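*Asks:* Residue-level listing of the chains:
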Amino acid sequence: MHRQSIKRIYGMVLLMLFAVLLMSGTVLGASKQVLEAAKVKAAPAGLDDAIWNEATAIQVPFEGKESFAGQKASVATKAVYTDEAVYFLFKWKDPTLSVVKGAWQFDGEKWSHQKGNEDRISLLFEINRINNFATKGCAIVCHVPQGAPNAKDGKFGTTTAAEKGDLWHWKAARSDPAGVADDTWLTQISDKEGGRKSDAGKGGDQKNMTEDKSAPKYMLAPGKSLAKNDILLAAHSVEIPAGTVFKAGDMLTYRMPKTAEGSRGDIKAESRYAGGGWTVMLHRSLDTGNEDDVAFNTRRKYNFAMALFDDSGDENSYDSEVLTLEFK
Amino acid sequence: MKPPEPITTTKDSRQRFRSDETKTLALNDPVAWLKRITVAGDACAWNRFVGGVLLALVVLLFLSGAFLAFYYSPVPGAAYDSVDFTLFSAPFGSILKGVHHYAWNLLLVLAIFHLARTFVAGAYRKPRQLTWISGVAILGLLPLFIITGDLLPWDQRGYWSTQVRMSIIASIPFAGDMAVRILQGGALTGIVALTRFYVLHILFLPCLLALLLAVHFYFVARHGFAERLNGKQAADHPIAFFPRVVNRWLVLFIVTVSLIALLTYYWPPPLGDPADPTDSTYVPKPEWWVLFLNQLVAIFKGKWAILGTAVIPGLLTLFLVGLPYLDRSPGNRPAQRKTVIVVAALLAAVMIVLSLMGYFEHFGLPRQ
Numbered sequence: 001m002h003r004q005s006i007k008r009i010y011g012m013v014l015l016m017l018f019a020v021l022l023m024s025g026t027v028l029g030a031s032k033q034v035l036e037a038a039k040v041k042a043a044p045a046g047l048d049d050a051i052w053n054e055a056t057a058i059q060v061p062f063e064g065k066e067s068f069a070g071q072k073a074s075v076a077t078k079a080v081y082t083d084e085a086v087y088f089l090f091k092w093k094d095p096t097l098s099v100v101k102g103a104w105q106f107d108g109e110k111w112s113h114q115k116g117n118e119d120r121i122s123l124l125f126e127i128n129r130i131n132n133f134a135t136k137g138c139a140i141v142c143h144v145p146q147g148a149p150n151a152k153d154g155k156f157g158t159t160t161a162a163e164k165g166d167l168w169h170w171k172a173a174r175s176d177p178a179g180v181a182d183d184t185w186l187t188q189i190s191d192k193e194g195g196r197k198s199d200a201g202k203g204g205d206q207k208n209m210t211e212d213k214s215a216p217k218y219m220l221a222p223g224k225s226l227a228k229n230d231i232l233l234a235a236h237s238v239e240i241p242a243g244t245v246f247k248a249g250d251m252l253t254y255r256m257p258k259t260a261e262g263s264r265g266d267i268k269a270e271s272r273y274a275g276g277g278w279t280v281m282l283h284r285s286l287d288t289g290n291e292d293d294v295a296f297n298t299r300r301k302y303n304f305a306m307a308l309f310d311d312s313g314d315e316n317s318y319d320s321e322v323l324t325l326e327f328k
Numbered sequence: 001m002k003p004p005e006p007i008t009t010t011k012d013s014r015q016r017f018r019s020d021e022t023k024t025l026a027l028n029d030p031v032a033w034l035k036r037i038t039v040a041g042d043a044c045a046w047n048r049f050v051g052g053v054l055l056a057l058v059v060l061l062f063l064s065g066a067f068l069a070f071y072y073s074p075v076p077g078a079a080y081d082s083v084d085f086t087l088f089s090a091p092f093g094s095i096l097k098g099v100h101h102y103a104w105n106l107l108l109v110l111a112i113f114h115l116a117r118t119f120v121a122g123a124y125r126k127p128r129q130l131t132w133i134s135g136v137a138i139l140g141l142l143p144l145f146i147i148t149g150d151l152l153p154w155d156q157r158g159y160w161s162t163q164v165r166m167s168i169i170a171s172i173p174f175a176g177d178m179a180v181r182i183l184q185g186g187a188l189t190g191i192v193a194l195t196r197f198y199v200l201h202i203l204f205l206p207c208l209l210a211l212l213l214a215v216h217f218y219f220v221a222r223h224g225f226a227e228r229l230n231g232k233q234a235a236d237h238p239i240a241f242f243p244r245v246v247n248r249w250l251v252l253f254i255v256t257v258s259l260i261a262l263l264t265y266y267w268p269p270p271l272g273d274p275a276d277p278t279d280s281t282y283v284p285k286p287e288w289w290v291l292f293l294n295q296l297v298a299i300f301k302g303k304w305a306i307l308g309t310a311v312i313p314g315l316l317t318l319f320l321v322g323l324p325y326l327d328r329s330p331g332n333r334p335a336q337r338k339t340v341i342v343v344a345a346l347l348a349a350v351m352i353v354l355s356l357m358g359y360f361e362h363f364g365l366p367r368q
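Residue numbers (my numbering), protein chains in the order written: chain H, 1 to 328; chain R, 1 to 368.
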């Protein structure tokens with residue numbers, strides 16, 4: 001055989017070899033939606049930073065549950081990351097801004113709670129593998145069927161203590177005005193308590209009400225101002241002095257966001273409601289070093305699922321299928 | 001009871017010990033023995049490096065597999081966690097797992113190439129029939145490593161690929177069901193199946209491979225190399241097995257390790273989602289090496305299924321094994337073996353076409 005022909009054959013074999021090896025490095029059969037986090041040199045400065053153009057958005061479909069059954073929603077989702085942190089950007093249509101969350105309103109004689117809840121979006125990652133979360137998503141921890149071991153005392157938790165989830169919970173009224181998403185985690189449901197726990201540290205919200213629950217206890221402290229959407233932060237409140245006069249129509253926040261500290265305040269948030277929709281950015285260190293947080297290793301993939309709440313409580317939500325987060 | 005006799009040293013043993021002391025290394029005798037071995041000069045020819053790379057890959061797979069076993073737990077669920085830990089938490093775990101993953105694929109590709117080259121050179125013919133048959137047996141053994149190894153991470157791909165393979169095996173008349181029960185230890189793929197696959201993968205199959213390699217090398221050493229592809233005779237001047245051939249193998253080993261380590265650094269080995277036996281929506285896609293067999297199964301259905309699962313693969317195996325005795329051509333050169341070359345080319349073409357059909361069916365047509 002001619003020497004040149006032999007060389008050509010060897011060359012072709014080497015090319016095929018490389019192609020086959022690359023092909024063997026892919027996971028075959030996976031059909032989940034993948035969110036690719038793009039590596040960026042600098043952190044996004046905000047919701048409109050041009051650096052977001054480096055990430056590809058995916059439209060994540062959501063199915064309505066309970067009172068939203070039969071309805072659908074969609075969230076445009078992007079992610080980028082730096083050497084230190086990961087950033088998510090969510091955009092979804094919502095014709096109504098909902099931040100009431102039972103706010104107090106004075107009618108000239110007495111205080112009463114306004115009707116209305118708040119808009120929210122939540123993400124659930126695995127800290128330790130949750131059995132079948134990768135295939136069933138929230139169905140395995142959020143909406144378990146009646147009679148399942150983790151259906152007791154609420155509907156949110158894992159089956160064993162070894163399974164742990166990291167729940168990122170952005171709340172338009174209770175966390176966003178404080179610039180955070182509530183950082184909580186998920187563990188086993190017991191007979192006595194649910195599986196949802198707050199991360200170590202301080203945060204969450206404080207109920208603004210008197211002991212007899214008939215009226216608000218706090219008002220804006222002198223020299224302080226209301227936060228976004230006229231929400232009163234716990235840190236900016238002061239007990240209502242005796243003799244304070246309110247006029248009809250005055251309103252006061254019922255669930256006052258607290259300043260988040262420690263592991264509970266790991267997830268920073270920025271948001272805007274405009275043009276009939278929300279734009280929300282969440283970001284967190286890749287690895288906080290806290291046991292109640294998922295530690296992101298950019299070489300691996302992560303399963304996560306999302307839920308959307310439109311002026312609704314926990315039981316009424318739009319849920320996504322489980323997705324895969326990949327760091328590119 | 002008679003008391004034990006005290007340990008004493010005889011004059012002869014003391015003299016032998018003093019004689020050993022004069023040697024620089026206890027390995028001197030084996031080294032001298034190795035140095036006396038000579039092989040044909042072509043053993044170090046650069047166009048005959050495939051066999052050396054294959055040996056390097058086998059050693060690499062044994063070593064990487066042994067280190068991976070340190071972390072592995074053959075229990076459903078825990079198996080996935082242990083592989084995940086190896087990949088992302090254990091020091092150099094990702095490299096080890098990647099080397100193990102890519103080395104298998106490389107081994108299979110090169111083994112097929114080695115077989116094809118041997119075929120074209122006519123090196124299966126007398127007196128090298130048993131060299132060829134032992135080589136075919138080695139090639140036939142490699143998929144068993146992959147089949148048993150695929151299940152070990154207990155991920156979706158491995159689990160559901162195993163289900164497909166078990167259903168194909170079970171469809172073989174008479175022996176299929178029994179083979180599946182023996183492999184799985186029951187009707188379902190659970191902890192017993194995982195344990196059996198693990199033991200097969202790390203113990204029985206490696207022992208069998210080592211035995212076949214020894215047989216293969218024995219026949220290679222006994223009958224020498226075949227003619228070169230360019231028609232010239234293999235170099236007949238003998239060279240020392242040690243250090244020349246051993247050094248060549250070491251060079252190939254280092255180069256192979258380096259290249260695969262680089263590959264795995266940039267393209268980490270895959271690990272899918274944990275296996276969920278209740279997730280019937282998962283459709284595993286066949287790997288590159290099994291595409292043509294998978295397509296045979298897809299073509300022949302119902303009462304003809306046995307053609308795709310057993311008859312055609314069996315005939316192909318018989319053809320390969322019996323080739324040295326079927327080929328009655330007058331000489332070894334390809335031009336003197338036109339009938340065999342044409343038949344083999346047709347078979348290869350059919351396999352490639354079936355593989356392409358399988359690829360397009362499972363992965364879609366290339367984008368315009």
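Calculated from the structure, these hints are not laboratory results.
Treat the hints with care, since some could be wrong.
Calculated cross-link-like contacts (lysine to aspartate or glutamate; reagent style EDC-like; alpha-carbon spacing at most 16 Å) [what the hints assert, rightly or not]: (1) H:Lys72 <-> H:Glu54; (2) H:Lys328 <-> H:Asp48; (3) H:Lys39 <-> H:Glu54; (4) H:Lys136 <-> H:Glu321; (5) H:Lys136 <-> R:Asp327; (6) H:Lys32 <-> R:Asp81; (7) H:Lys39 <-> H:Glu326; (8) H:Lys224 <-> H:Glu211; (9) H:Lys301 <-> H:Glu126; (10) H:Lys41 <-> H:Glu84; (11) H:Lys268 <-> H:Glu126; (12) H:Lys136 <-> R:Asp276; (13) H:Lys301 <-> R:Asp327; (14) H:Lys32 <-> R:Asp279; (15) H:Lys217 <-> H:Glu239; (16) R:Lys126 <-> R:Asp327; (17) H:Lys202 <-> H:Glu261; (18) H:Lys301 <-> R:Asp279.
If you're wondering where the values come from, they're calculated on a predicted model, not measured in any experiment.
*Asks:* Starting from Lys72 of chain H, check that the Cα of Glu54 of chain H is at most 16 Å away, please.
*Replies:* Given pair Lys72 of chain H, Glu54 of chain H is violated - Cα atoms ~28 Å apart, limit 16 Å.
*Asks:* CA of Lys136 of chain H to CA of Asp276 of chain R, is that 16 Å or under?
*Replies:* Holds - the C-alpha atoms of Asp276 of chain R and Lys136 of chain H are around 9 Å apart, at most 16 Å.
*Asks:* What's the verdict on Lys39 of chain H and Glu54 of chain H, does the C-alpha distance respect the 16 Å limit or exceed it?
*Replies:* 8 Å, holds
*Asks:* Quickly compare the C-alpha distance for Lys328 of chain H and Asp48 of chain H to 16 Å and report which way the hint goes.
*Replies:* 22 Å, violated
*Asks:* Under the criterion that the straight-line Cα-Cα distance not exceed 16 Å, is the pair Lys268 of chain H, Glu126 of chain H satisfied?
*Replies:* 19 Å, violated
*Asks:* Is Lys32 of chain H close enough to Asp279 of chain R, meaning Cα to Cα at most 16 Å?
*Replies:* 13 Å, holds
*Asks:* If you draw a straight line from the CA of Lys301 of chain H to the CA of Asp327 of chain R, is it 16 Å or shorter?
*Replies:* 52 Å, violated
*Asks:* Would you mind confirming whether the straight-line C-alpha gap from Lys202 of chain H to Glu261 of chain H stays at or under 16 Å?
*Replies:* 5 Å, holds
*Asks:* So if I understand the rule, the pair passes when the alpha-carbon distance is 16 Å or less; does Lys217 of chain H with Glu239 of chain H pass?
*Replies:* 6 Å, holds
*Asks:* So if I understand the rule, the pair passes when the alpha-carbon distance is 16 Å or less; does Lys301 of chain H with Glu126 of chain H pass?
*Replies:* 11 Å, holds
*Asks:* Given the hint that Lys224 of chain H pairs with Glu211 of chain H, test it: the Cα-Cα distance must not exceed 16 Å.
*Replies:* At roughly 25 Å apart (the allowed maximum being 16 Å), Glu211 of chain H and Lys224 of chain H break the hint.
*Asks:* Quickly compare the C-alpha distance for Lys301 of chain H and Asp279 of chain R to 16 Å and report which way the hint goes.
*Replies:* 20 Å, violated
Of the numbered hints listed earlier, those contradicted by the structure are 1, 2, 5, 6, 8, 11, 13 and 18.
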